[in-house]
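**Q** Full structure from sequences and hints, please.
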Amino acid sequence: MESAVANVNAEPDVNAGYLVNTKTRGWLKQTIKATNLPFIWDNGAQPLNGYRAGVTNMMLSNLTKGTASGICSSLLFSGRWEMLVLATFGALELTLDETSQAINGLNRLVLNAYVDVGCRRPADFAVMDDALTS
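Residue numbering for the sequence shown follows numbering that gives the first Met the number 0, starting at 0 and increasing by one per position.
Hints are computed from structural coordinates only; laboratory data are not their basis. There are no misleading hints in this set.
Pairs of lysine to aspartate or glutamate, EDC-like flavour, derived with a Cα cap of 16 angstroms:
1. Lys22 x Asp128
2. Lys64 x Asp128
3. Lys64 x Asp129
4. Lys28 x Asp41
5. Lys22 x Asp129
**A** Below, the structure is given as structure tokens:
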């Protein structure tokens with residue numbers, strides 16, 4: 000993944016790093032690099048191959064590839080995370096609903112937010128959707 004980003008002239012910078020799910024992190028913490036070497040996931044600020052790594056279960060862990068049904072995980076690497084754009088549209092909308100739960104003596108608050116994610120330069124990102132983590 001690092002090479003895929005570097006090969007399109009998106010050489011990783013100091014902000015480069017991975018985004019993985021908890022299943023992937025657990026697997027990497029139990030898998031050694033090679034005989035008599037440490038685990039793939041090292042402790043510290045740069046635990047994965049010398050890069051930072053964020054962990055979130057927003058990265059899927061139930062993907063399928065070939066006969067590996069529902070056990071593949073998604074990983075993301077970026078050489079330059081500042082190329083990721085998080086955008087909001089309009090203001091947060093907060094609505095007080097006093098009727099739908101009135102029979103129970105309750106009110107309901109509904110919050111709507113309109114957001115999107117995009118890449119200024121998609122070549123700065125590499126995705127793997129078939130990591131076997133089970």
